[in-house]
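Starting from the structure of chain A, add chains B and C where the hints point.
Protein chains in written order, with the working numbering: chain A, 1 to 295; chain B, 1 to 436; chain C, 1 to 282.
It is possible that part of the hints are untrue.
Said to hold, decoys possible - Listed below are the simulated EDC-like cross-link pairs for lysine to aspartate or glutamate, each with C-alpha atoms no more than 16 Å apart in a straight line:
#, chain 1, residue 1, chain 2, residue 2
1, A, Lys153, B, Glu413
2, B, Lys98, A, Glu2
3, C, Lys50, B, Glu181
4, C, Lys109, A, Glu40
5, B, Lys320, B, Glu115
6, B, Lys430, A, Glu2
Since the hints were derived computationally from the structure, they do not count as laboratory data.
Being a predicted model, the structure only gives us computed values, none of them experimental.
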Amino acid sequence: MERRNAIFGIVLVVPLLLWLVITIGYPLVLCVKLSFLNVEFIGEIGSFVGFSNFVEVLKEDILWFSLLKSLVWTIGNLLLQTGLGFFAALVLNVNTKATRFIRSWVVLPWILPTVVLAIMWRWMLSGTFGVINYLLIRLGLVSAPINYLGSVKEAMGALVFINSWRWFPFISVLLLAALQSIPQELQEAAVIDGANGMQVFRYVTLPALRPVMSVLGVLGPLLTFNVFDVIWMLTQGGPSKATYTVPVLIYERGFKAFAMSEAATVSILSFVFLLVFVAVYLKLTRLNVGEYMEQ
Amino acid sequence: MKRFLLFSGIFVVAVVCFLVPCSLAQVEIVIWHMEQPPHRVEQFQRTIDAFNKENPNVRVRQVVLDWMEAYTKVMAAIAAKQQPDLMFTIPDFTTAVKPSGAVQPVDEIFQTLDEKYKFFESAVEPYNYDGHYWAIPVYGMVHMLWFRKDIFSKFGLDPNNPPKTWEELLESAQRIGKSGEIYGVGVPASKHMYTDQAIYTFMITNKAEDLFDESGNLVFDNPRTVQAYAFYKELYKLSPSDASVWTWAEPQLAFNTGKMAMAIEKGQFLLPFEEESGVPGTNLGCAVVPIPQNGQRGSIYYSNGVMVLTKDQSKLEAIKAFLSYLFDPEVNGEWLAGMEPGLFLPVTEATMNSNAFWSNKVVSQYRDHVELMIEQSRFGKLFGFTKGRVNPDIGKISGQNILAQVVQKVCLENMDPAEAVKWGQSEMLKALQRKK
Amino acid sequence: MLRVKVEVVKRFSLGVHLLLVVILVGFFAFPFYWILVSSFKPTEELIRAKPTFIPETFTLAHYRNLLRVSEYPSYLRNSTVVGLLTAALSTFLAFLSGYSIYRCEYPGKRIISTFVISSYAVPTTLLTVPLYSLFARAGLINSLWSLVLVNVTLTSPLGVWLLKAFLSSVPKEVEEAAMIDGASRLRIMFQIAFPLIFPGVAAVAMFSFVTSWTEFLFANIFIMNEFQKTLPVGIARFITQYNVDWGLLMAGAVLTSLPPVLLFAFFGKSFIRGLTSGATKY
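For reference, chain A alone in the conformation it holds in the complex (with noise of 0.2 Å):
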């Protein structure tokens, strides 16, 4: 019977590992070979140089530089986003006409492609034509027109701000799902035997949010991390490397540098660095199959 089930377990299994061994594994493969060698171009050959890139790389200034842009675009991404999704879902979590109607709209952001998200926030954000400059100060908010995506100091910030309000949609969806499916008695038996607000938040809201803000908190940082279109798009990693984060530098030595075998030796360290992250994340929040239920 133990036997029957986990082979019905593999044989589930196999297909997904077989898809992402292919498409993910095999250029896995390709770029570690990529980085022992001195590739420049596409489809050139090389030879082999051992570690050499690695030594090389990791002495450069720019990845340490990328390293924290890509940890403050992250951190700061991750902050917003929650932020952001928090206060949507418990604005829609109250039923009322209103409420019912938004919920499926709220998506609006995310489903947008990141070319149309591009467009619209270049438009707005012009410090010439944008209307967001103009609002502002017609609100006497601010002097004079900020350039937001093209000033050292708020391009950034202005990014993350364009990745949240396009990414919240998503998070504040599920945590709404998670809110919605705590059980009314739950939180009026609660009240009842005397909870006050913050109580109920910590004994009964919060135990139920904690699977998906588990899930979201690998997969959050992971997905983060590795946002390539909508910086590129944007700043090109500019003004001045100002949003110049790791997958920016992976392009730009790959394709833009002609340093194949470079961008490489940097994939991997950046991947390593990840799964790092993944390894000791799932250690703290003992986050495996199996180990947490009871709530």
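Then chains B and C, alone, in the frame of chain A:
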């Protein structure tokens, strides 16, 4: 018996059906290019359709790409042996693709066409090295000083006497900019090809056009380059705040809506001016790029060419036929002017003297400007390709827009120009010395 | 007295809530309003320095233009096909694997689960060239299937983990009871577990469809022919570097956002309702 006849009949018919199309086999020529604007695609299609009609055994097909992805796509295609037969290019792009081994020398085709139509030297120079020709020039682009005559008049500047020197340029821009409503001039500070081009134009006029010396050493870091960057910064201070993210589209917008009085740009200003500005075309001024004291006349000049990426004999025959058709002066003139009048300048004397080119509506409306641009082309230069010296790794410098990055250091980070240029030189050296 | 007080507090908090709703709506909807309104303005009004919030002149020229110079119907069809196939395949694989990892026991399960999630640690840009040559050899370049394959890769791992979250809220007892009753594992999976976590499945399908719809990097590299392009790639043509036809761009942006929006207008309610009512069965 009947069955036998039936089957053999079918067999014969089948064989005939198989053979006949084979003998009329069409050769397909795929062209990749990056001229995305719809009207350019439409014009190209018209020219292609006309050729296809006259040559039923050849079928030419255009595929449109974006510059941002062009390199990746073509290299990936070459690696997978799926590359196009022809691909439009610019000089440094060719040097970047060449290491793959897919770029074929076009000496023979070039000689044939050159004899008939006479190419301009400045257009050919960047594609002629290592003893061969690596692309056929198709159109040239050159930088000019564009200015709004109506705004000039409004601020007491003579619209028929545009700035000729750096000092005059700065002065006029400041006078207009003082108003606070209109920007006197606009120069980009984005990490983009446009910024590379703009700063290089100023370097040329200040005689700092050589990136490499006779021995191939990098000489970017020199006082004349520093001066160019210092002057550029003064212009940037008078530019719209958006200029740090400009591509080619935005300055045109600012210019056409009357928010900006002057721009350093190529010829695409002609076509949309009247419609977007709402004022007659006579208000569009075009002049030679201002020159500093002890400077020289010049602008950046981009010779756009077409590379041959196939070795197949039958395709090469078809390509020869197509290019001969394309360079026929009347076809060529109509094609260039129809794609983008003013931006795509002729590269052959034959086309320059053709009727088709000059009778295009926009070209004839702005005839003076186009003639000036063609004249300016003779003074055109391109970084990395000056004095016949071509560094095959120039793509590594232009691919990362290092010239533009130095602009950003000077204009956005307020770095001292001398320091920034030094930094630029070290970045360029790093880019060039990658391979161990 | 108390009743009045409660009424007032209720009214007040409802009012505050309404204000918050308005702020929320303004926050996510304003940009859409802006491009929608802009798409109907003539170019001259569109690029004016002082923006108008209601078009002075109303025009459909940009939409006509868009349909004339681009293959919008083809793009739409391609995006829809790829989106639906991706959603179906991704959800199917995610469900199978999620169930396997969460409900079955076999050695190496934990490693597999970690392996699945680690696929997101790989930088996507370096996947492009190897996959391109792989697909080129398989003759899949310019085929919509190449996009489906890649999108399934991008979305199914997340699907697996999302379903884990939902499966965790399904008590084992329900399944165990069915097993005692003699039902096969397959039946339990599809006839009991599946309906119970349907909200989760719907979420995965939604995520897969949307990710596929908005995907640009791979759609751009794998498809060269105009008629096989997806929407994002198709309208990216208009953001050329030489000049920007702002009107075309706005119209393109509206039309590209429209299909998913309409899809959500029709099905969104039931998705959300499913999501929110799903777990209250316990």
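Hints versus structure:
no. : hint                   : in the structure
1   : Lys153/A with Glu413/B : holds (10 Å)
2   : Lys98/B with Glu2/A    : violated (61 Å)
3   : Lys50/C with Glu181/B  : holds (13 Å)
4   : Lys109/C with Glu40/A  : violated (40 Å)
5   : Lys320/B with Glu115/B : holds (14 Å)
6   : Lys430/B with Glu2/A   : violated (61 Å)
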